[in-house]
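The numbers in full-length UniProt numbering rise by one with no breaks, and the one at position 315 of the sequence shown is 315.
For the record, the hints were derived by calculation from the structure and aren't laboratory data. Quick caveat, the model's predicted, so the values are computed rather than measured. Where hints are given, some of them may not hold.
Said to hold, decoys possible - Simulated crosslink set (DMTMM-like; lysine to aspartate or glutamate; CA at most 20 Å straight-line): (1) K549 x E678; (2) K674 x E525; (3) K401 x E712; (4) K194 x D230; (5) K395 x E21; (6) K9 x E21; (7) K180 x D191; (8) K489 x E646; (9) K655 x E545; (10) K9 x D41.
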Amino acid sequence: MSSNESILKKMRLDAGISQAEMAAYLQVSQGQVSRFEQDPDEVSMKIYRQWEAYCGKVANSRPLDVGDPLKEIRQRIELIANYCDAAPKLVDGFPVEQLENGEETASTESLVQGIRRIARKPRMGLFGRFDMGKSRLANMLMGGDSLPASYQPATSIACLVRHIDDQPAWQPEPVWIFGKGFDLDRPDDEDHCKAHRIIGGGFEMLREYGTHSGSMSGRHEAVAAVVYVDSPFLRGCDIIDLPGYQHQEGDDQRAEMARQLADIIVYVSTAQGFMNEYDRSYLSQLIRNLPAYETPENGLDPLCNLFVVATRADIVGDAIDGILDKAASYSFDGISDTLQDRGEQVGVPIDEAAFRRRFFTYSAENVGLRSNFERELGNLLSDACPKHILRDMEKAIQQAKASGTQSLVALINILQETLDHQERAREDMETILSEEPQRIQKKTEYEQQVLNLIRQLKTESVSEIEQICDEWIDADRIESVIRNRYDKKKQARELAPGHIIEKIQFNTDQVLKAKAKRLSTVIDEYLNEYDIGIEANSTLHSSWEFNAKGAFIGSLASLGTFGALASWASVVAGGSNLGGYILAAKITSALAAIGIPTGGTGTIMTLIRTLGGPFAVGVGISVAIGVIAAAIFGDSWQRKLARKIEKELKKAGAKDTLVRNVGAFWDDTEKAFKHAAEETEQDFQRKLESLKQIAFSTDVDVLQAHLSNAKELKDFFAGIPWRPLES
């Protein structure tokens with residue numbers, strides 16, 4: 001009886017229905033509803049069906065309400081923005097180049113803009129094959145009817161769905177369709193949006209331009225849409241609904257365009273045929289780009305922002321647990337090395353049991369089959385995500401206050417020393433300038449050494465990756481793996497191809513990480529050359545400071561390419577006072593000047609996230625594992641299976657693809673280094689010229705005005721409001 005009672009009561013509670021609401025629907029007293037739950041033997045089949053239908057109807061039309069989890073974040077941003085509105089204005093000719101990151105530091109607009117970037121809503125990406133129910137799931141989370149039925153058929157463009165309160169005034173329609181070159185990370189950039197807009201309108205635009213059944217001639221030009229919906233679920237996150245891959249030409253590219261934007265990954269596959277070879281291959285690549293929310297300190301579960309969801313779970317009945325167990329085990333088999341490496345970097349180990357806990361059921365018709373998923377997702381959005389954002393904000397604010405104050409104290413010292421000892425300051429400056437040719441020559445020679453090393457590392461990497469491919473794309477090696485790892489032929493046919501590719505991928509990553517670490521050491525030595533060695537008794541000794549590492553990272557960010565330098569940047573940014581807000585402002589400023597780099601979707605937050613770890617190389621083998629597995633047939637066993645895998649990997653060009661990608665990785669590294677080296681030198685020269693102007697200034701009144709202004713700015717940075725977070 002208690003079991004039946006719990007079923008009735010649980011059904012009502014899961015649907016969020018009170019006893020009074022149920023009583024009104026059934027047209028009975030609330031007391032009668034209570035008795036029904038206590039004594040289900042008294043419940044007629046008619047009442048039971050009405051009860052079940054009402055619970056299902058209400059639950060299906062109700063959005064997942066996560067409250068207003070970002071309220072405190074908005075309030076803190078507003079407080080900082082209001083504070084910045086009253087910031088001291090710069091006097092004419094103020095030497096901004098003496099400040100860390102120059103104009104970005106002096107600009108309160110850049111400060112606020114950078115904080116907003118860091119504090120943006122988390123983005124939940126929906127991934128999976130075509131016709132797996134991604135759009136249906138999105139609609140259910142938003143409230144069933146939040147988007148019209150025309151939105152639900154096979155999505156063919158990447159859709160960024162946001163809360164209606166986030167809709168900018170310059171976008172009057174709820175839907176804008178965008179063409180090639182649009183960056184989903186810039187929906188609030190008016191100029192960028194208008195430059196790539198194809199058409200705006202109501203939700204019918206999604207049917208015409210955003211589905212495979214659309215008939216508009218411009219459909220193939222459409223790559224993305226930004227949609228505004230009034231749903232409480234969207235107060236906690238934005239949704240990126242992506243095309244199901246493997247449908248029409250161009251869909252895979254559109255899905256790839258957005259995968260690095262997702263803070264939360266929801267991978268969707270139907271319970272029947274759950275997580276096949278294609279799914280497992282795609283999921284492993286997605287996980288490589290998944291940001292880490294878990295830390296040893298916060299106690300969050302590993303991969304807490306990953307959800308692998310079996311939709312239409314009601315169809316398979318009691319078999320669902322076994323289906324999830326098998327899918328988790330098979331998926332883990334193909335990515336265990338990568339997960340172990342990630343766990344070591346983050347400091348939170350990931351074993352198969354932890355990985356299995358990221359698999360969930362979902363059904364639009366059965367509340368019980370989706371309750372665990374919705375509870376976990378709701379907790380993530382209402383608690384873990386806001387705390388994660390607040391920690392990032394706190395770190396950025398603290399670094400902004402420290403770096404801004406520090407650079408202004410140095411400027412104050414320079415101005416004061418120049419006023420007090422003007423003749424000595426000029427002599428010291430002349431000494432510095434006289435030594436510039438030697439410094440430049442030495443720097444140029446070191447630059448060439450770095451470039452030579454990058455080219456050497458490229459050659460070494462290609463050679464070692466070729467050896468890795470030859471070692472693993474070999475029938476003897478594959479047969480040995482099969483015999484030692486798999487007892488059953490069917491299991492080996494399904495898992496061995498993915499395992500071999502994972503081994504090649506993982507070993508490639510390890511090679512490139514080791515090479516990147518070698519490069520990092522040399523980059524540090526190169527940037528140390530910017531220490532110009534001012535004499536200890538110089539008037540400028542205690543005041544001059546040029547943060548070459550900060551300038552170098554900012555230049556990398558403005559280019560949008562890191563290559564192997566991502567490893568160096570992540571270490572430097574993780575242990576310095578570079579300031580996340582400075583980086584965000586630097587990128588924003590650069591994008592305004594040069595536009596988004598080719599292929600650089602999501603540049604801003606992708607690069608900022610790169611600096612937060614874990615470091616992922618991102619050089620992949622684009623091989624369809626499902627094709628390999630599907631091509632293996634007959635009654636053959638280990639040897640024939642191994643030969644078939646070898647043949648298909650060679651036929652797919654796995655080695656050539658990987659070698660080509662590794663070459664491009666190092667080409668990007670060389671391009672990034674050249675750009676950052678040039679920009680860093682320009683930053684240095686601007687600061688040096690600014691120092692020269694101070695030292696040789698003959699207008700005491702101007703120097704006094706600059707000194708007074710610098711003291712005001714120092715007090716401003718020191719006073720940036722921030723209430724410490726509770727530990």
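Inset, instruction - Take the C-alpha atoms of K401 and E712, compute the straight-line distance between them, and say whether it is at most 20 Å. - result: Within the cut-off at roughly 14 Å; holds.
Inset, instruction - Could you grab the alpha-carbon distance between K655 and E545 and see if it respects the 20 Å cut-off? - result: Roughly 48 Å between the alpha carbons, so the hint for K655 and E545 is violated.
Legend entry - Distance restraint between K489 and E646, which requires alpha-carbon spacing of 20 Å or less: OK: K489 and E646 at ~17 Å, within 20 Å.
Legend entry - Given pair status - D41, K9, alpha carbons within 20 Å: At roughly 14 Å apart (the allowed maximum being 20 Å), D41 and K9 satisfy the hint.
Legend entry - Straight-line alpha-carbon gap K549 to E678, limit 20 Å: Distance ~13 Å between K549 and E678 Cα, so the pair holds.
Inset, instruction - Take the C-alpha atoms of K395 and E21, compute the straight-line distance between them, and say whether it is at most 20 Å. - result: 47 Å, violated
Inset, instruction - Take the C-alpha atoms of K9 and E21, compute the straight-line distance between them, and say whether it is at most 20 Å. - result: With a Cα-Cα distance of about 13 Å, the restraint between K9 and E21 holds, given a limit of 20 Å.
Legend entry - Straight-line alpha-carbon gap K194 to D230, limit 20 Å: 23 Å, violated
Legend entry - Pairwise hint evaluation, D191 against K180, where the allowed Cα distance is 20 Å at most: 15 Å, holds
Legend entry - 20 Å limit on alpha-carbon distance, applied to hinted pair K674 and E525: 16 Å, holds
Comparing the model with each earlier hint shows violations of hints 4, 5 and 9; every other hint is respected.
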